[in-house]
Each structure stands twice: as structure tokens, then as C-alpha cells.
Amino acid sequence: MNLLSTHNLSRKFGGITAVDNISFVIPTGQVRALIGPNGAGKTTFVSILSGRIAATEGQVFFDGIDVTKEPAHLRIRAGMAYTFQITSIYGRLSVFENVALAVRWQTSGDENETKRRVEDALAEVGISDRATQLAGDLSYGHQRLLEIAMGLCQRPKLLILDEPTQGLADSEINQFIRLISNLRGVMTILLIEHNIDVVMRSADAITVLNNGKVLAEGSPKEIHENAAVQAAYLGTS
Amino acid sequence: MSELKKSWLLHLGIVALLLVLQFVLPSYHHASMARIMVLTCYAMGYNILFGYTGLLSLGHALFFAAGMYGLSLSMQHLEWLAGPALIIGLLSGVVVSLTIGLLLLRTTGVAFMIVTLMFSQAGYLTVLYFGEFTRGDEGLVIQQELRSIAGIDLSDPTSRYFAALLLMTICIIVSLRVVQAGFGRVLVAIRENDERTRMLGYDIQRHKLSAIVLSGTMSAAAGACYCLLFGYAGATFASVQYSIFPLLWVLLGGAGTVLGPFVGTLFMFYLIDLSSGLTTAYMLIAGFSLVMLTLFAPQGLVGEIRRRGLRWLP
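These protein sequences, in sequence, are chains A and B. Just so you know, we're using this note's numbering here: the first sequence kicks off at -14 and counts up by one. Just so you know, we're using this note's numbering here: the second sequence kicks off at 1046 and counts up by one.
Keep in mind that the hints are not guaranteed to be accurate.
What the hints assert, rightly or not - Straight-line alpha carbon distances no greater than 27 angstroms define the calculated DSS-like cross-link-like pairs of lysine-lysine that follow:
hint, chain 1, residue 1, chain 2, residue 2
1, A, K(-3), A, K54
2, A, K142, B, K1050
3, B, K1050, A, K100
To be verified - Okay, the calculated bits of chain A under chain B, using three or more residues with CB under 8 angstroms as the criterion:
hint, region
4, 63 to 76
5, 89 to 98
To be verified - Some residues of chain A that are not near chain B, with every Cβ distance over 10 angstroms (derived):
hint, residue
6, S(-10)
7, I50
8, P56
9, A57
10, A85
11, E104
12, S113
13, R115
14, N159
15, G170
16, M185
17, K198
18, H209
19, A212
Simulated from the structure, these hints should not be mistaken for lab results. Even for Gly, the Cβ is constructed at its ideal location relative to N, Cα and C.
All chains should be modelled from the sequences, with the hints used to inform the complete structure.
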């Protein structure tokens, strides 16, 4: 059973084709990494999946339904959670309120349930002791973890993480990898990641994008040995 | 004591204080306070949209005037009683804010400000254009004997004070309930980061529209009551000046605080009142005080109190 699939998905910005005819499938329960050089179209691609931007052509299916025309907030409510590449939290609100906003539409006014869910999510990423601080006062690494907590607490079917480890310290990266392995089987994860070490250690399968197209797809081992992938990375870096 | 209880106690305490003031205030301040309370409701309506949702409108006089003319025109030309006319005033607010809101949602940022300004100017010119009915700048005077509801004469200073206090109490309760409810928290989230809020699963357009309608209706209620209590509706109340006033009051008192609008309106009213007693250049004193406040309390008076300790202030 596939949780998410796309059919000939394209997105053009003027003369530039950022996403070029991608057909892509994630089976339920998989941890899938999406990698590629800068400008390969990764963020544009997941932005189309989550409804932040519209596709020029093609379709997106989520949980068996064509969601291509659905607005973003309905896709989120259908079970997608999206964490931003550039940390996007509510700096002037408390850490608790940041996460509470992410679950409140699910708990429909039951503040005790909201509180429990928020505390669980903060514990899961390891920032429980920061709950009453203003989110803007957190260190950058903790803000990234908060961003992940906001996605986790929704208990989504699909969690989309856009470069979650960017700017994290080594210890925090190890903690993140443990977190992903704990979530394996609980939710399907789509991970956009630059850190190849993180990808190799946490993903079940990898898709490589280059110039808006799928360059290669396979297990971490297959991708590691793929000559075309190496050329793409070496050729642009 | 929980923060929720504290904030209810504080706000109801202010209402109780105003209740006591009705018996002790000298007549001049008594009349001023009734006026301040009605204008506070206008500012509170404005605050829902500007302070909590983060949408800066430069055209709220349109909503204030919608309430004012909804009431006065139906009393003057349809010969309706004050009660039903008040309801017409409120409904005018709902209809105008819903219609304008649907158009406003297509804009953001500076465009939003300009479009609100343009609609309210169109409203102002409409009032002048239909001078045959509205008597334009000269305005409509509502006869004293018509200004009563259920046998209570609202032109009488005491009952006028109580009516203004009742309206303000309703607006305080509505504001508190909104701010404490999930709906208000989403409005704040939209103010802080609308894209993030959308990506957490909220329909931000629907929330913004609801905020516009709530804000517009509260402003219209203030406009209708102002006309009913003080017996006058004039085109000045639809002019750009009356769109700027609530912005000033809210900024001074503290945007995004429930009490800010009251404190701001009170402060501004007495600032002008007292300084005009001292000199004819009273606007200079008013302007200087405003500049000082913006420099030293950029979050407004109540906002500053919240920042310096009372973080639970809603």
C-alpha cells in the first residue's frame, strides 16, 4: 500500500522547470530520504506535495485520494505534517503554545488532552524543560527540535522533514537519528537531507533528484554505489 | 490562582470600579466617561483585527458609520423605534464587514491598508452624496423623546452612563472569550506567522474573515450606540480621521491586550482635554506625549505593563 504517490508532477517558474515530470511513490511506513545537489528541486517538490505551491502539471495522491487541488490546510488535516527548512516558529509565543497550536484542531477544545500531547512531543525531542520559555529565546538547535516537535505532535501519517539537521551539533544529530528510528513503523517519513551520514543511517530508501528529475532511486547501499549519483554530486560541488 | 481567574477578576474589577465611578464623578467627567466607554468599544473592535490578527485597517470608520447610519436612518426615515433600529445598526455592521471582508481577503500587507482606506473613503463620499437622507456634514439629530429603549430614557446622563458601561462590559467579555478560546489563539498565530499557521492545518482565510466580521460588528455596535446615546450622526464619523483614532488609541493603550483600548482611549481623551485647557497649541503637547510613549513604551501602556511582569495579561 502506498501512502503517497505523484504522477508526472511538474512545476515551472517562467522558463525554468524546477520539478520535471516526477512520478514518485512512498510505501506506508517507509523512511524515505530525498537528496540531491543544491537547486535540484527538492524543496519545490515537497512544497507541491504539501500544497504550499501548486503544480503546473501532474497529480498528487495521498492516502488513496487525489489531493492535487486541495488547499494546504486540508492536506495537513488529512494527515501530512510539514516542517520548514528555514526555521519557522512563533518566536514571541511560548514553546508550549507553539506545539499546542499544532494539535489544537485535533483535540477540539480539550485542553487537558492538548497539554498531554504537547508534553509527549516535547519529551520526544528532548526539550521538555523549555516549555515555558519564549520560542525565540531558544538556541538555534533547540528551535530546530521544536520545529520537529510541532510536526510530531500531530501524529501525522506522513511527516515531511525539510533539512531537519541543518545547523545541529553532532550530539543533537545523533539524538535526531535515534528519534527517527523510534518513529519507524509509527509514521511514514519523507526526509530531505544534506547530511549523507544521517541519510545512510536512518533511511530505508533514497531518491536522488537532479535538475528537477529523479536521477536514481534505491536502498542506501545501491545509491552509495551508484556512479551517476557520485557524478552529480561531484559535478556541482 | 490560575491565570484565567486572575484575568477575569481584573477585568470585572475594572467594570465594578466604573460602576462606582458613576456615583462619584462630577457631571463633566461623568459625561466624558460615558463617551470614552462607547469609543472604547470601537477601539476594542479595532483591536481584534489589528492587535490580535495583525491586520492593519485604515478604514474602520466605515464600520463605525455603518452602525451609526444603520440606526439613525432607520429611525429618521422608517420611523423605527430605538430597539429595532439598534439591531439594524448591528446588522449593517455584519453585512458591510462581510462584503468588504470577502474583497479584502484578496490583499495582504500594504495593499490591505490601502484597500481599507479606499473603501472607507467611498463610504464617506456615499454619506455626502446621499445628503438628502443623511444631511451630510450637518448630520442627523435624533430627537430626545425617541432615544429610549423599554421605557429607559437613554438621553438621561445616568442611564446613558449605565448603557455605555453595559456595552463596554459586553465588549470586554466578548474580547476575553475570543482571546482565551482556540479561535483567538489561531488569530494570534496568524499575526505572528501566517504561513506557519496554514501549514499547521488552519484555514487562515476563514479565520481572517471571521476576525474582520467580528471586528466590524463591534465597531458598528459602538457607532450605533454612540448615535443613540448622544443623539447625533454626522459625516465626520465616517471620515478618515475616525479611522485613525482607533489605531492611535489601540497603539497607545497596547495592541493585542484586552484593556489596552480602554486605557488608550481614556489617556488620549484626557490628554487632549487637559492640554487644551492650558494652551491653544494643545496638539503640540499631545503630539509630544505620543512621541515619548512610542519611544519609551512601544508596546503601549498595557503592553508595557505586561512586558515588565504581568505576563498573564490577556
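Hints, one by one, checked against the model:
Using a Cα cut-off of 27 angstroms, the hinted pair A:K(-3) and A:K54 holds, with the two alpha carbons roughly 17 angstroms apart. Our distance criterion of 27 angstroms between C-alpha atoms is broken by A:K142 and B:K1050, whose separation comes to about 38 angstroms. At most 27 angstroms may separate the alpha-carbon atoms for a hinted pair to count; B:K1050 and A:K100 meet this at roughly 19 angstroms. With 6 residues having a beta carbon nearer than 8 angstroms to a beta carbon of chain B, the region 63 to 76 of chain A meets the requirement of three or more and the stated coverage holds.
Proximity of the region 89 to 98 of chain A to chain B, defined as three or more residues with a beta carbon under 8 angstroms from a beta carbon of that chain, is established by the 3 residues found. For A:S(-10), the non-interface assignment is confirmed: its Cβ lies about 21 angstroms from the closest Cβ of chain B, beyond the 10 angstroms cut-off. Every CB of chain B lies more than 10 angstroms from the CB of A:I50, the least distance being 16 angstroms, so the non-interface label holds. A cut-off of 10 angstroms between C-beta atoms contradicts the statement that A:P56 is not in contact with chain B; the least separation is 8 angstroms.
Annotated as non-interface, A:A57 brings its C-beta within 10 angstroms of a C-beta of chain B; the closest such distance is 5 angstroms. With a minimum CB-CB distance of about 8 angstroms to chain B, A:A85 fails to clear the 10 angstroms threshold, and the non-interface call is violated. With a least beta-carbon separation of about 18 angstroms from chain B, A:E104 lies farther than 10 angstroms from that chain, consistent with its non-interface assignment. Non-interface call for A:S113 relative to chain B: holds, since the shortest CB-CB distance, roughly 20 angstroms, exceeds 10 angstroms.
With 10 angstroms as the threshold on Cβ separation, the claim that A:R115 sits away from chain B holds: the shortest Cβ distance comes to roughly 16 angstroms. For A:N159, the requirement that its beta carbon stay farther than 10 angstroms from each beta carbon of chain B is met, with the minimum near 28 angstroms. Distance check for A:G170 against chain B: the nearest CB is about 24 angstroms away, which clears 10 angstroms, and the non-interface claim stands. Under the 10 angstroms C-beta cut-off, the non-interface status given to A:M185 relative to chain B holds; the minimum distance is some 29 angstroms.
Listed as a non-interface residue, A:K198 keeps its Cβ farther than 10 angstroms from every Cβ of chain B; the least gap is roughly 26 angstroms. Remark: the non-interface label on A:H209 is consistent with the geometry, its nearest Cβ contact in chain B lying 33 angstroms away (cut-off 10 angstroms). Look at A:A212: its CB is around 38 angstroms from the nearest CB on chain B, clear of 10 angstroms, so calling it non-interface holds up.
Checked against the numbered hints above, the structure breaks hints 2, 8, 9, 10 and satisfies the rest.
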